[in-house]
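So you can see what is in the structure, the chains are spelled out below.
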Amino acid sequence: MSVNGSTATATAVNLTRKDYETGQEVRWCPGCGDYGILGAVQFALAEMGADPANTVFVSGIGCAARLPYYMNTYGMHGIHGRAPALATGVAMANPSLDVWVIGGDGDMLSIGGNHLIHALRRNVNIKILMFNNEIYGLTKGQYSPTSEIGKVTKSTPFGSVDHPFNQLSVAIGAEASFVARTHDMDRKHMMETFRLAHEHRGAAFVEVFQNCNVFNNGAYEDILKKDARPDMIIPLVHGQPIRFRSERRARCGGERIRRAVRARPPMWACATCSCTTRRVPIRRWRSRSAAWPTRRIRPRRSACSAPWNARSTRSKCRRRSTMRSSRKALATSASCCTPAPCGRSTDLAGAPATCSYRELGGPHGVRRARETQQSRRATQPSTARAAS
Amino acid sequence: MTSMTTLDRVVIRFAGDSGDGMQLVGDRFTELSAAFGNDLATLPNYPAEIRAPAGTLNGVSSFQVHISDHDITTPGDAPNVLVAMNPAALMANLGDMARGSTLIVNADNFTERDLEKAECTSNPLTDGTLENYTVYEVPMTSITVEATKPLGVKPRDAERSKNFFALGLVCWMYTRPAAPLQEWINAKYESKPMVRDANLAAFKAGRNFGETAELFSPYEIKPASLKQGTYRNIVGNTAVALGLVTAAHQANLPLVYASYPITPASDILHELSKLKNFNCKTMQAEDEIAAAAIAIGAAFAGSLAVTGTSGPGLDLKSEALGLAVSLELPMVIVDVQRGGPSTGLPTKTEQADLLLAMYGRHGECPIPIVAARSSSQCFDAAFEACRIALKYRTPVLLLTDGYLANGAEPWLVPEIDDLPDISVEFATEHNHTNVDGSTDYWPYVRDPETLARPWATPGTPGMEHRVGGIEKQDGAGNISYSPQNHETMVRLRAAKVAGIANDIPDVAVDSVGGADVLVIGWGSTWASINAGVNRCREAGHAVDFAHLTHLQPFPKNLGDVLKGYRKVLVPEMNLGQLSRLLRAEYLVDAQSYTQVNGLPFRAADMEARIMEELAR
Ligand SMILES: Cc1ncc(C[n+]2csc(CCOP(=O)(O)OP(=O)(O)O)c2C)c(N)n1
Ligand code: SF4
Ligand SMILES: [Mg+2]
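Going line by line, the protein sequences match chains A and B. All letters in the first sequence, in the order written, are residues 1 to 388 by our numbering. All letters in the second sequence, in the order written, are residues 389 to 1004 by our numbering.
In isolation and in its complexed conformation, chain B is listed as follows:
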């Protein structure tokens, strides 16, 4: 056996046609690495069309995975290894590859026709384009066909298994154990023995090729020393789903999730619809408005009600959100942000819905906002959104994005006993005495501390009451058009949301002491900012870092934190939404650093921008 080199981390990108099964291969490699104990982060990237024309640049789908023996947050800037199944995949990704990195290409797919489809005028394998890279030309298709021939698989069908050949090869290169994958193939293709055997044969052929071709030497990446506990690999949408179910469990309430399918939020609906056993009811509504309305109805009837969508759907829900604010019922709205406006970039990520979440409704209509910062933290963010909604009887917006939704990382599965009890008490007794001594239930009598109103659910005798979107009298809840009362109610609703600041943690500053510059972000930019700041620190610069999970209201200490720095830098995947809010709220000269290309910031770019700020 060839000698083994130990690496602390590696970034691998699998790229191919969207029909080549690259997402599947990436997923499997991630699972194997997670089981092996590496820390990891992933970045799936695929076209919005289900099938763009095969072999073209538009049809390229890729999956990047970063594995390491230490704590990492980003999927990595530049891959160390690119697996390219055809010329289009090679050319579409070459720009991201650093000089000296490794390219493994499927040599069988570089015919004249393939090159033409990829808009190559000459063959990049021979024209010198790749001279700065280490290139391995592997005839993946023909070896796969050869390897599966004894099984009686037709060549056309055999070709489909070539992604498992590629996976086998990369698994051998990075010394991943084979058995878990073989088990997975056995289970997954149980009903199609021919496909199962072809895939197993292709996977084995890939490993054998690595071992016998003597082109490569294998690498080892030791397991990361993560905190003790049970880990699983998780993507953001699954984490949101589990967070919601867990919150419902801790609140002792049934969960109702109503949604209309939309990329990239649909997976939350898919996940939750499997979890009926946790007292979770899901409904695929006729549109997003109906989904929001169904959630409001379910909240009125006493469930933990949630609706989930992405940007275009959030636009549609705004009127219903106004109703929820007016009714003061608990409800969570998940917005998995994607590139906009309009249909925009459905499969790409962006953070441009912050101001919509903040202000996108008519009238004074404040809604608390919680934003998740990493795929696994989506669980905590979803739980926190439910906690606030239930305690304060208010709709709460939970912002995630396309990158978090599909990106995977290891997640330390929490112990149920360690999670707080967030149960609520329904009102069952009258809370108002009339002058004649009779008693009534008044739906808008408030808890003096939280300003939350009582929650009496239909079916409770003696508590019959009406709620509605028309302005209601403070306390009694009857229709009231009185100007004074409206003023009171608008201010009460605002004060209730503002008061949540007393119930959320202060923003924590990751400080090195004596820093001049604070980098502050929100949402999924956490990973890139973290990586960028660390690079600056390694270069000997003092930079502080803070990240916001609560955006409405802001943590109480935020103003003081911001005022403690000469320079504040706000990186965002939009045109400067948080920076605008910080400037307006705290009168600080927050500098905006923005990117809207549908992808997360690269750590190197982040580092460069922070250095610029340091030099300013």
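Isolated chain A, as found in the complex:
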């Protein structure tokens, strides 16, 4: 909080992580993934040479939302869920500022879901980092809008029956102009992702998988443990072809492994009777492009008598096959990028992926995004529009 800022104004000055640290004691639980993210943010800003005096961190409420207190920049710790709106006000009043928004999954997708989608839709020039630990950390362990069906938490002792969001679909659905995902175990990837978000003029949405080692420890174990990563993470790079592990390693064995990965359906314990069946998301796609299924398909009932939203369907569900083929269609039409091939919240891709891709136009299709990309670049960022 002291004189650092004044010395750091000139971009020529070499900035280090220290320039972004405050005297405040960092008070997350020992071992919390938030430490790693804070470090990555500070390193990334130093690397970018971001002027602390021109940087504002705005947050809502939650463990994640404490981050602004630890940044030696301008900061505002607001109210639960409203950070995107607070940040919109900052960016609108002074479009030359670098405005970052920090929040948890509850903050951004539950109480603040409305503000999130509208900030993305308006394409305000703010960078939104959502720390997703699939739990409410600060209030000590209730399920969140990204917790999976069946999740046992303090408020769901018999397992949650709510269907989780696919958060990247939410962002893409709101036609966010930048969507990316990274995780708290990979500082390099986080820094790179934050840098790309920073360079983007408009609203950027970055999801960070974050481990809450107290209330939801190991939520991402199956993806992030060392030996699983090569299979479970598909790095998506803007402008680059999607490459599965097999392809990255050798062309020959690739097909088999790829099929194996694709074919692996995620298994979900039925919340009520514990039968292990496949879950099919009951989501209604408004389909305006060929890339998404045009029919609304209800899951077929299985023998299980659990309530509908805890119930599963057998794998031959028509919806499932439609979804799979349509995904393929979308993947091919987007040679450089693909929407959220995330296995955690849809059951379609066997492998959750880490992806950072840009300028994707949401379910209206990649082509549309490409078309608008040009015009978006050409026009002023939407802070100017908001200001009218």
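Read the hints as simulated data drawn from the structure, not as lab findings. Watch out, some of these pointers could steer you wrong.
What the hints assert, rightly or not - Taking lysine to any residue pairs in the SDA-like style, the calculated list, with each CA pair at most 25 Å apart, reads:
#	chain 1	residue 1	chain 2	residue 2
1	A	K140	B	Y869
2	A	K18	B	P849
3	A	K140	B	E837
4	B	K664	A	P95
5	A	K18	B	T848
6	B	K662	B	E578
7	A	K140	B	A889
8	A	K140	B	I858
9	A	K18	B	T816
10	A	K18	B	N866
11	A	K140	B	L539
12	B	K779	B	A889
13	A	K140	B	V897
14	A	K18	B	G865
15	B	K662	A	R121
16	A	K18	B	H820
17	A	K18	B	T618
18	A	K140	B	G857
19	A	K140	B	E859
20	B	K592	B	L539
21	A	K18	B	K955
22	A	K18	B	I867
23	A	K18	B	N822
24	A	K140	B	I867
25	A	K18	B	E817
26	B	K955	B	S870
27	A	K18	B	D824
28	B	K664	A	G36
29	A	K140	B	N866
30	A	K140	B	E707
31	B	K615	B	P802
32	B	K580	B	R595
33	A	K18	B	D828
34	A	K18	B	V823
35	B	K662	A	P95
36	A	K18	B	T821
37	B	K610	B	T461
We have chain A; now place chain B with the ligands onto it with these hints.
Showing chain B with the ligands alone in chain A's frame:
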């Protein structure tokens, strides 16, 4: 020409179906009278539905205008003239008409079907209902159709111009000049020549009818002798918008206005969105919470930030207002009150948000409150709210209401040089020296006089700091959960708001000397109380009158003023909110006089209640 009678004032009410264009006609008549130089006050009254079924009692829309040659404050109790376009409009308004007053009805609209829709069992024109009134049955629709026929207008379209016929007739009756209205029609309907010509023809036909039918004699109402200066006609919402823009100008700051549409506050957003040229940015947010949050963000970034709404929206904003109190940032929240609870009466007026404004947040969360008393005074009230917000770095609530928002009156346009400079200085220098001699910026170091904290905006080198809703350490502003510190901060925030009492004018008493009774009010009841008190005085009674613009904190002398009277009467359009505050604060036996019918008090009712108090 028939002989001309001079009147000192007249109250006219135009009533018709909500599709008949009565608000437009009322507006035009008001503009003509304002340009002519009369003092005036208006009361628009329309249904909440955009279009209730045509011809029914629910669909009646009316516009009352009071014009005079002297200073007036209310739109008048009972109209002298009612223009009724159909039976529903006649029946819905007849109750307000005094015996002997004039009714001008559109005789073409009294068919069996029209009567049925208006729930009339017999025709009021013939069954004796109207025998105590002077009734003029004018076939407005057919004359309008006739008059526009040469233009080639289809009869169905021609009918739509009948409101201009009515306007023409009334303009002739009250000797309003025709030219300004004809110019207005020409400009307004420039792109639709057919409609323009039909309206012009209908207006002319109305005037000609007045002149040739020899039913009426024209009246004259001389211009009022108002203070010299440039006047314009203004409604409260426009006055608020102009007050905010002017305050931003005098503060040398950009204005940011964020709002979510809601009746009757939306017009402030509409007005401000036209004023981009005054460095005013507006944002239609996704909801009221977002609007408040956007304003807070903009305040943090160094703008004069304002959010506006009505009751339901104020409910939603309360959490954000708590944040603004905690952040100690300047901000103005406009609440255009309407009838509640819940959706209540969206288009009707009420003053029932006072206690919400005062106490409607968790924790000790004091917010200064300023209330406007008339449509034109909304300008000064908005300016004052901004002044307090900027000087004391606090959110300020500005209360107006549906009646002020839509009611019109002449407004003496102020000279910009006569308005005070309310500019603020942003903090750019460190204000704290550490033990090791290094310096820091502490965001919660206070001005010893105002207790306001410094305002350093993002983008200022060396002044990086964090603010937040968690309790912060006095001075340094870091998170602090210390019990002692919390006690200090709660008391400091309260003392800051209480201290504003030193910076606002004493409450002025309009005193006749030796009075026993003080009538005290706040907000838009000013007009009715004023009129009621004057009537009592004219009847030879001594009554004093005071009106509050500042409700939090109260003016410093208020306690002494109240204690100087044996009886205190508090008229309010709620169930007694100010009276409760006065009783609690000053231990006086304030009597409450309340009305919650969605309309302002009538001067006659006010007079009667004051007389009762005098006799008690
Ligand atoms: C209006 C309001 N409701 C509820 C709360 C309590 N609350 C604080 S944080 C939180 C959830 C936090 O979860 P998340 O956003 O996922 O953040 P995390 O702590 O997991 O980082 C809740 C419910 C609050 N502060 N304000
Ligand atoms: S509760 Fe969880 S998210 Fe919150 S600080 Fe502790 S470990 Fe981190
Ligand atoms: Mg969380």
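Where does the structure disagree with the numbered hints, that is, which hint numbers, in rising order? Of the numbered hints given earlier, those the structure breaks are 3, 7, 11, 13, 17, 21, 26 and 28, listed in rising order.
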